[in-house]
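Chains as they are written, first to last, in the numbering used here: chain A, 112 to 326; chain B, 112 to 326.
No lab work stands behind these hints, which were simulated from the structure alone. Any given hint might turn out to be false.
Just so you know, same-sequence chains aren't split out, so a pair can sit in one copy or run between any two.
As the list claims (entries may be wrong) - Quick list of in silico lysine-lysine cross-link-like pairs, DSSO-like style, CA-CA up to 30 Å:
#	residue 1	residue 2
1	Lys-218	Lys-232
2	Lys-147	Lys-198
3	Lys-274	Lys-298
4	Lys-198	Lys-232
5	Lys-147	Lys-307
6	Lys-220	Lys-170
7	Lys-271	Lys-220
8	Lys-220	Lys-307
9	Lys-187	Lys-218
10	Lys-147	Lys-218
11	Lys-302	Lys-190
There are 2 protein chains.
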Amino acid sequence: MIDYKNLSLANQVHQVIEENILNGVYKAGEILSESKLSEELGVSRTPIREALTRLESEKLIGITPTGTVVLGITDKDVKDIFTVKMKLEPLIAGLAAENISEEALVKLKDIIDQQEFYDSKDNKERVRNLDTEFHDTIYAECGSIVFQSILSPVHHKLLKYRKSSLENAERSPHSIGEHAGIYEAIKNRDKELAQKLMLEHICHAYENIKKGTKK
Amino acid sequence: MIDYKNLSLANQVHQVIEENILNGVYKAGEILSESKLSEELGVSRTPIREALTRLESEKLIGITPTGTVVLGITDKDVKDIFTVKMKLEPLIAGLAAENISEEALVKLKDIIDQQEFYDSKDNKERVRNLDTEFHDTIYAECGSIVFQSILSPVHHKLLKYRKSSLENAERSPHSIGEHAGIYEAIKNRDKELAQKLMLEHICHAYENIKKGTKK
DNA sequence: GGGAGTATACTTGTATACAAGCATGGTTAT
DNA sequence: ATAACCATGCTTGTATACAAGTATACTCCC
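Using the sequences and the accompanying hints, generate a full structural model.
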């Protein structure tokens with residue numbers, strides 16, 4: 112399977128703008144102009160528009176004939192996202208335990224190993240990106256395009272909040288340990304355990320985020 | 112709130128292509144060409160591309176540098192969609208019972224009245240479109256952009272299957288009756304009842320669809 | 001006849017030019 | 001001074017031209 116993502120300017124633009132929104136560089140309420148983005152990023156309006164179109168379907172921005180406004184995500188959105196994750200993601204973990212391929216198992220193990228490595232090097236950003244990769248891999252291997260298409264964008268939106276959570280020095284090793292547990296359960300094809308551990312993993316992540324946003 | 116949907120060619124194109132995919136006019140595996148769509152629909156490639164970009168994020172098509180392939184939805188997707196709906200939509204109904212505005216209540220009532228009217232006129236298509244409007248209104252009124260953005264596209268994907276279900280002569284009045292029950296519960300701000308009735312409504316719809324696809 | 005190489009006709013991806021609408025600010029007239 | 005009107009510069013929306021890559025089919029050579 113060829114990964115075309117690296118080839119397209121529009122995809123790169125999408126990632127950049129998405130990250131800027133989630134990290135607060137483009138703040139909620141701010142007006143984005145296609146022309147300005149075009150100049151800033153050094154590409155024409157066409158790939159910019161394509162990226163904006165996708166960001167709109169993710170509800171991160173709102174496009175009107177008179178301007179494009181940043182919506183971003185609120186604390187309430189985060190709460191709702193975790194509600195969705197708690198309801199659906201254990202199911203996914205169970206499905207993955209049934210359907211995952213051997214290559215994907217190797218990939219999951221590799222992600223966990225890398226997470227441990229970069230955590231020991233205190234490279235938070237890599238750990239965070241690998242967290243996304245871990246969950247995305249499970250989404251991709253559950254065998255359901257419906258669940259994948261719902262959870263993948265939803266999980267991505269937690270970027271900023273995962274950032275504050277995983278930068279909590281205590282949370283990071285716990286999270287990686289939980290990943291390892293989930294991996295083992297999936298590897299052993301233990302559907303029930305995978306579901307249980309995934310639910311706990313999400314609950315812990317949410318509790319940690321709540322702690323982080325309150326202080 | 113102004114509805115800009117009617118103004119844009121790209122939105123119209125999106126609707127047309129989406130409908131053609133869901134209704135099987137464009138079959139799974141078929142290759143769509145931007146140029147051909149452009150000629151067929153009488154617009155330039157630009158709005159076509161915008162529509163295809165959105166359809167890709169809905170996972171109804173897959174875009175590669177060598178062509179655009181129709182993915183459509185399978186029976187398994189429908190099963191997964193109902194799993195998602197059963198998990199999330201009762202929550203939404205409960206939230207709507209808490210948050211819905213008076214105008215939206217009037218709108219829901221009006222939708223139900225129209226459904227009864229068009230059902231008596233045997234206008235299945237209008238009944239079906241009103242079903243979408245009923246659920247979309249509840250999504251919009253639950254006060255959560257996250258839930259709305261997940262459930263709205265997911266519900267839309269059932270178009271073809273809703274078609275076969277609601278064209279079942281017996282299901283249609285039942286469905287409308289269930290809508291009325293949900294409306295009453297939301298109007299009375301009875302959260303628990305709204306949740307319960309919504310779950311039942313979805314279960315019935317799914318059972319009916321299963322019956323329809325098996326024969 | 002079969003195989004290799006090339007040309008052609010597609011595909012998506014990108015850039016740019018043009019159109020229409022709106023908001024804002026300046027200017028002019030009262 | 002104030003109000004109305006007009007022009008200017010923005011916005012998104014659309015069309016079109018060009019670029020790069022690929023698959024296929026045809027032709028030529030062996």
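* Classify it for me, Lys-302 with Lys-190: is the Cα-Cα distance of at most 30 Å met within a copy, between copies, both or neither? => Classified as both: same-chain Cα gap 26 Å, cross-chain 19 Å, threshold 30 Å.
* Since the copies are identical, ignore which copy is meant and state whether Lys-147 and Lys-218 lie within 30 Å (CA to CA) inside a copy, between copies, both or neither. => Answer is neither; intra-copy 40 Å and inter-copy 40 Å both fail.
* **Within, between, both or neither, where Lys-271 and Lys-220 count as close if Cα-Cα is 30 Å or less** => Answer is within; shortest intra-copy Cα gap is 25 Å, inter-copy 41 Å.
* Lys-187 and Lys-218: within-copy, between-copy, both or neither at 30 Å Cα -> Only across copies: Lys-187 and Lys-218 sit 26 Å apart there, 33 Å inside one copy, limit 30 Å.
* To do: Classify it for me, Lys-147 with Lys-198: is the Cα-Cα distance of at most 30 Å met within a copy, between copies, both or neither?
  => neither (40 Å within a copy, 42 Å between copies)
* Give the relationship of Lys-147 and Lys-307 under a CA distance limit of 30 Å: within one copy only, between copies only, both, or neither. => neither (47 Å within a copy, 50 Å between copies)
* Please work out whether the CA atoms of Lys-220 and Lys-307 approach to 30 Å or closer within one copy, between two copies, in both situations, or in neither? => So Lys-220 and Lys-307 pass the 30 Å test inside one copy only (19 Å; across, 42 Å).
* When no copy is named, should Lys-198 and Lys-232 be tagged within, between, both, or neither for a Cα gap of at most 30 Å? -> Intra 34 Å, inter 40 Å, cutoff 30 Å: neither.
* Given identical chains, is Lys-220 near Lys-170, meaning Cα to Cα at most 30 Å, within a copy, between copies, both, or neither? -> between (33 Å within a copy, 28 Å between copies)
* **Alpha-carbon proximity context of Lys-218 and Lys-232, limit 30 Å** => For Lys-218 and Lys-232, the Cα distance is within 30 Å only inside one copy (21 Å; across copies 58 Å).
* Since the copies are identical, ignore which copy is meant and state whether Lys-274 and Lys-298 lie within 30 Å (CA to CA) inside a copy, between copies, both or neither. => This pair counts as within: shortest intra-copy Cα distance 28 Å, inter-copy 41 Å.
In this structure, the hints that do not hold are numbers 2, 4, 5, 10, in rising order.
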